[in-house]
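Keeping the supplied structure of chain A fixed, place chain B with the ligands upon it in accordance with the hints.
2 protein chains.
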Amino acid sequence: MFIQQLIERLGSEKVSQSETELYRHSHDESSHQAVEPDVVCFPEGRKDVEIIMAVAREFKVPVTPFGAGSGLEGQVIPIKKGISINFERMNNVVKFSPEDLVITVQPGITRLQLNKIVNRHGLMFPIDPGADATIGGMVATNASGTTAVRYGSTRDQLLDLEVVLADGTVIHTGTNAKKSSSGYHLTGLFAGSEGTLGIITEITLRLHGIPEHTVAARCTFDTPKACAEAAQTILLSGIPVMRMELVDEDSISQVNQYGGYGFPVCHSLFFEFAGTMRAVEEESKLAEQLMRDLGCENWEVASGSKERMEIWKARHEMAYAYQHVKGMSTTGADVCVPISRLAELVEFARKLIDESGLTGGVLGHVGDGNFHTIIIYDPNVAGEKEKAEYTNEALALRAIEVGGTCTGEHGVGLGKMKFQETEHGAAVAIMKQMKRMLDPDCLLNPGKIFLD
Amino acid sequence: MFIQQLIERLGSEKVSQSETELYRHSHDESSHQAVEPDVVCFPEGRKDVEIIMAVAREFKVPVTPFGAGSGLEGQVIPIKKGISINFERMNNVVKFSPEDLVITVQPGITRLQLNKIVNRHGLMFPIDPGADATIGGMVATNASGTTAVRYGSTRDQLLDLEVVLADGTVIHTGTNAKKSSSGYHLTGLFAGSEGTLGIITEITLRLHGIPEHTVAARCTFDTPKACAEAAQTILLSGIPVMRMELVDEDSISQVNQYGGYGFPVCHSLFFEFAGTMRAVEEESKLAEQLMRDLGCENWEVASGSKERMEIWKARHEMAYAYQHVKGMSTTGADVCVPISRLAELVEFARKLIDESGLTGGVLGHVGDGNFHTIIIYDPNVAGEKEKAEYTNEALALRAIEVGGTCTGEHGVGLGKMKFQETEHGAAVAIMKQMKRMLDPDCLLNPGKIFLD
Ligand SMILES: Cc1cc2nc3c(=O)[nH]c(=O)nc-3n(C[C@H](O)[C@H](O)[C@H](O)COP(=O)(O)OP(=O)(O)OC[C@H]3O[C@@H](n4cnc5c(N)ncnc54)[C@H](O)[C@@H]3O)c2cc1C
Ligand SMILES: Cc1cc2nc3c(=O)[nH]c(=O)nc-3n(C[C@H](O)[C@H](O)[C@H](O)COP(=O)(O)OP(=O)(O)OC[C@H]3O[C@@H](n4cnc5c(N)ncnc54)[C@H](O)[C@@H]3O)c2cc1C
Chain A
1 MFIQQLIERL GSEKVSQSET ELYRHSHDES SHQAVEPDVV CFPEGRKDVE IIMAVAREFK
61 VPVTPFGAGS GLEGQVIPIK KGISINFERM NNVVKFSPED LVITVQPGIT RLQLNKIVNR
121 HGLMFPIDPG ADATIGGMVA TNASGTTAVR YGSTRDQLLD LEVVLADGTV IHTGTNAKKS
181 SSGYHLTGLF AGSEGTLGII TEITLRLHGI PEHTVAARCT FDTPKACAEA AQTILLSGIP
241 VMRMELVDED SISQVNQYGG YGFPVCHSLF FEFAGTMRAV EEESKLAEQL MRDLGCENWE
301 VASGSKERME IWKARHEMAY AYQHVKGMST TGADVCVPIS RLAELVEFAR KLIDESGLTG
361 GVLGHVGDGN FHTIIIYDPN VAGEKEKAEY TNEALALRAI EVGGTCTGEH GVGLGKMKFQ
421 ETEHGAAVAI MKQMKRMLDP DCLLNPGKIF LD
Chain B
1 MFIQQLIERL GSEKVSQSET ELYRHSHDES SHQAVEPDVV CFPEGRKDVE IIMAVAREFK
61 VPVTPFGAGS GLEGQVIPIK KGISINFERM NNVVKFSPED LVITVQPGIT RLQLNKIVNR
121 HGLMFPIDPG ADATIGGMVA TNASGTTAVR YGSTRDQLLD LEVVLADGTV IHTGTNAKKS
181 SSGYHLTGLF AGSEGTLGII TEITLRLHGI PEHTVAARCT FDTPKACAEA AQTILLSGIP
241 VMRMELVDED SISQVNQYGG YGFPVCHSLF FEFAGTMRAV EEESKLAEQL MRDLGCENWE
301 VASGSKERME IWKARHEMAY AYQHVKGMST TGADVCVPIS RLAELVEFAR KLIDESGLTG
361 GVLGHVGDGN FHTIIIYDPN VAGEKEKAEY TNEALALRAI EVGGTCTGEH GVGLGKMKFQ
421 ETEHGAAVAI MKQMKRMLDP DCLLNPGKIF LD
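Residue numbers (full-length UniProt numbering), protein chains in the order written: chain A, 1 to 452; chain B, 1 to 452.
Isolated chain A, as found in the complex (with noise of 0.2 Å):
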């Protein structure tokens, strides 16, 4: 029936029952529990996002907005059906303002596409999760990556957000300014709400020049503490790294593997430097002293950007590099920490992957305190998921003990809906209250973030 109402108002060609589809938007790249949605519906503009809401208002259907699907908590799993909605055919550039170094674009751009056309004026968007997820998708669970040590989170990005609400409003929630004091701060609060408070239709961003420069750098030490502890040295150092990874011995041996690449199989930390010639190299030498003091091994710079692009070409597939064994599932915390626990936290996560005696790698965004583990389990083996939800577990419970987050990065979705009360404490109400307040039917992406 609102099936129907959707083709009668959308026109047929916007909606979608097709085995394919439904397949598609049932799961992202996590390994939770696939639920395939009713319907598909792809909006041409903001027009026909209304008007899916208008038909979930009356039938009280849910709506969960898809992206790319890259997320890894299952935020876009539609777990109670209804309609999900692909921005693929919102992709467009609303208004593009070089000389303000601000764009305004439909949320189904991907950052790459994104890239590729403010990138022939000198600008980017810098934000990267490696996924060529789209930037409606980044905002919803403020995704970053290897260059928020520099940058800071999607959320740091955003002048101005359009939202279609659950009752229909829109509402823009900022201004073409660079700053402003007026008002209360809703743009931070839709960045990061994975779908569940508004569907957002146009984002204005700030963009950044490409440095002149870049050059790219690794060298390994005898353990991931050693690797954390030297990232932290950086920090203090004040050198602008551009990215500053660790990848930790079974990552690297994986991603060789993978990939066919010949990375020294060494606990290592991959650096990103960028910006004019003469700060690059001031910096990266500055980095390899600091480095050598603190005893480490195999430094290697790659300024030609065949080079540098492997580094980050393979730092970017160890998600997958994990996933090349057939029949294996993968899992993997995203804990977020103080800086100067971090060599703690990282020491604490190899050793509950070691305990669990389960394949497994902690690598991550170490400028940021933010890493991640990746654990790989046979699902057809009685136990092994247990055991490797149990690291995770483990991992995040004391990363929020020592004053981080379960997830720096990849947001809340069903996998950390668990630690919401532990992290938050008094905050979740609040939190539930305005999940109420902008959506009392409970119709947008229902069951994620917290239990409704």
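Just a few of them, taken from the derived set where beta-carbon distance is under 10 Å, the chain A residues facing chain B:
1. S193
2. L236
3. V337
Keep in mind that the hints were calculated from the coordinates and are not lab data. By construction, the Cβ of each residue, glycine as well, lies at the ideal position given by its N, Cα and C atoms.
Leaving out everything else, chain B with the ligands in the frame of chain A:
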């Protein structure tokens, strides 16, 4: 009756009805009509704040937090009387973790008190609104100032807030991790809420390393518009200026008189560059070249710390400079617009002042697109106040029209309430719902930001 309760529960030394205190808490640095509270409380910790809120709830008495009273929009004026909460006894450091570049403080600590403590560790809290505001007041107004072009606003420095809500619940809005994608982002919401959503009792802030080397410079142009265009050129060049301020001829003339300076009475840009010695040299040379290409005059570098201090002392005295004429009042705008519209808006502002027939200047943090007007009027001459206010209004509306905001940093308070609907449209209804949700009896700084 409620005052008796406050005395009983807090102790009389924390409660004052002295004329001096009532007067001190009746106004801020703006010309908004003063109103005295019934009583002023001086909490010494969160428990005291909880007691004050309990009494306020019981007797349905309004509560207005007071920082340093340096606000410019009447935010601290208790227009419905009741209790003013002064935080000067809550000015302690709760936890300082230099190795994390993070500090937790009570809200009453001032910017200068804080910097005195952290400077010793080579660190700084860079946000500088000129006045020695409290950190609580700065969070509550999302203050910024001369360094926002480099570091952003106060909101951008926050990791966590402890807030006492109207119903007595105490929440933490974040963690000590540098980034997080967990739960809804309440930190950003309470920042800039001007005491209308909750009472902030603890603030966890990012700190930054003190740059090795600093150089100031200034130059002049024929028109304020030319200054604004020059500022845009600097931004597009990617030079990471530390400060970049526009000061028009009238303002230079006022501050020369007020402070006995000898700055050339021309439309000026004031710069600060900060970083490593080499970087600063490179940057200031490049800036000089760009400015000379645009036809600047009087380029002057102040590398000695004395001359440097003089430039920034003068800049910070601007507001007071305009107040040195006895018996006269001042008022002003605080617009922030996309950089590409800055020159046009600056010209528009200058014209508005000229047409008003009053004395006034244009000055501001043009690196953010944020600038102020300051206009002197005689409150005893019929029509002058109205003329001055007309310029503010026309400028704010024009700023909103070009995609900007009516307040870049001072906040809404009483003065910018009338622009909320125009700037935020349908979002105002959501903001009001949030206010009602968190403060159903309207006890927290009532009558600010929007009419209830
Ligand atoms: C190999 C790999 C590496 C990764 N590395 C990182 C990393 O380093 N850092 C990082 O942060 N993430 C990382 N991720 C996770 C993922 O890329 C991010 O979470 C990304 O932001 C998801 O974007 P998406 O477009 O795929 O969104 P989806 O997964 O499709 O959706 C994510 C959430 O956004 C909501 N949403 C989407 N569009 C809208 C809209 N228009 N309005 C409202 N809500 C909307 C969805 O409902 C869902 O809740 C990685 C993923 C993979 C597969
Ligand atoms: C000469 C001069 C120059 C200035 N220049 C700038 C500038 O460049 N940039 C800029 O941003 N501002 C500027 N200002 C304005 C002012 O300094 C800022 O608004 C500052 O943030 C106010 O801080 P305060 O401690 O004085 O707060 P107050 O004025 O005392 O209070 C401001 C608001 O904060 C609320 N508040 C205070 N403490 C708390 C708390 N603990 N919990 C909840 N709410 C609280 C109050 O209720 C009020 O709504 C200037 C002011 C002057 C006088």
